[in-house]
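Whole structure, please, built from the sequences with the hints as guidance.
Residue numbers (the numbering used here), protein chains in the order written: chain A, 1 to 295; chain B, 1001 to 1306.
Note that these hints are calculated values from the structure, not bench results.
Check the hints yourself; a few may be wrong.
Stated by the list, open to error - Partial selection, computed: residues in chain A whose CB lies under 7 Å from chain B:
hint : residue
1    : 137
2    : 139
3    : 142
4    : 143
5    : 227
6    : 231
7    : 258
Ideal Cβ placement from N, Cα and C applies to all residues, glycine included.
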Amino acid sequence: MTTAVSGPVPGARAVAPRRRGVWWRRLRQRPLVLLAMGILALFLVLAAAGARLSPHDPTELIPGAVLLSPSAAHPFGTDELGRDVLSRVIAGARISLQTGVVTIGAALLLGTAVGVVAGYYGGLLDGALMAAMEVLLAFPQILLAMAILAMLGPSLRNAMIAVSLSAVPVYARTARSTTLTVRAMDYVEAARALGAGDGRILTRHVLPNMISPVVVLATAGIGIAILIAAGLSYLGLGAQPPTPEWGSMLSEARAYLRNAWWMATFPGLAITLVVVSLNLCGDWLRDLLDPRLRT
Amino acid sequence: MRAFLLRRLLLLVPTVLGVTLATFLMLQLTPGDPVAIMLGEFGSATEVARLRSELGLDRPVVVQYVRFLGRVVRGDLGTSIRSRRPVAEEIAERLPPTLELALAAQGLAVGVGVLAGVVAATARRPALDSAVVAVTLVGLSMPTFWSGLLLILLFSLTLGWLPITESEGLRALVLPAVTLAAPAGAVLARITRASVLEVLRQDYVRTARAKGLAERVVVYRHALRNALIPVLTVAALQFAGLVAGAVIVESVFARPGLGRLAVTAILSRDFPLAQGIVLVVAGMYVFVNAGVDVMYGLLDPRIRYR
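Below you can see the structure in the form of structure tokens.
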């Protein structure tokens, strides 16, 4: 299990093919995780090539096609303005996946930077940085995101900024605690004894060894970020009409629930599939990289 | 014990100060001029100046913060820009339905979540365990703004069992509470399952089994008591999250409450109202947190000496 924790082991490249074999064998024993990866791959393709794959423009108002139930021409039906729901769900994949990856990517970078600097240098800097993070952690994440949106004003871009910033303290705290553990390791002292500077120790020794719990957290974090961002759009605080965002599509579908079940079903299904898949992969990655966190 | 209590209460001081400072800074850190944003393009120069002095924005920041603290301590959260009513009054009006919803959801989540977790951990057939794990995974991943719509579609529109238009009374509380409880219950089920599995490996459980106790007694009298400590901590910490999560559920079911007030405040750029709501919910979170720590110390003496 410990070989799975990536570290700057000399000759690591030589054993890489064998390690890939182990990964594949482990993965084959978890068919659900494979399925989840397949679903995520499908949505990634949709996000990347969506415009070429979708039958209609997501904002096109098709004449005479208002509130049509699913059929061969419109597999997911059409909405109250005569827009093709399938095309809108496909366009929504790009928005949601982008939101999840970009917000958590930024939060991961910022949180890790804060946590590593605080944990490695310690002292007053650590105290000040972590006090600020603790205060932010005193707010539930969706409340913090809403507070940031109250300052910036509602829009999809601002919702992404809000979701990203509201996730930073979680990563900072984890990054700091793992950095503290790594800093106390003999190999860090050995590197320092050999005359390595802070920059080299941080990038070559501390970062590679502290990062895996943070990455595990981030995998699950993408799903949470997608849910919160879509929720903000549902409330009208994120993406604005006519943007084909899954949350705002569900919000529009609410008024037509009685007559047009398909308007709510397909965006709802899409977001649930993506988040379930992300959670499955996150659990699997956690078991693989950090057996201590296993539940 | 008294030293532990005192230490925990003293720890509250910096946290509460930090939360008030962060909430205070919301207005200061807003890009652009918040007064101009609030009044929109129709604000005349005199109106802008009047609102600026009403909010105290024409004074030094430190003075502003001290005055802000002084007002908050007296329960004065300022005046709503939109309704011209005291923010504290608006919040006091909308808080009870939200608390009611959050409490109902909490009860459901703890009841169903703990039961499901124990069933999964002690299941003789692996299929049952897998089924519970699968259900919790879906519960965790489904957005409440979809699951709520599905419940309305099934129980209100198709079966006609429960109302959608009413917002008063117990019957109107059922669907929103179930919707809000689902993700929280899923988390609790997962934690309970892990915690019970952990405790069942302990020596004292083996001792209890070796004494010849019935499996039911071993699980419910010996294992569950100890397994529940982390579960209850998480459950209590979830409460403020449920209050915040009620925002979306209230919007799905068109219930009046703090969440919808918050959305209105953000959409109409009503800074004092938004600030007040953020402060109240975050304050609740902090105090519940401290309460949980104290309870934890009462339940488990080892904590007190850390």
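Here is how each hint holds up against the structure:
1. 137: Residue 137(A) check fails; min Cβ-Cβ to chain B is 10 Å, beyond 7 Å.
2. 139: 5 Å, holds
3. 142: 5 Å, holds
4. 143: 4 Å, holds
5. 227: This hint holds: residue 227(A) lies near chain B, its Cβ roughly 5 Å from the closest one there, short of 7 Å.
6. 231: Cβ of residue 231(A) sits 5 Å from chain B, so the hint holds.
7. 258: 5 Å, holds
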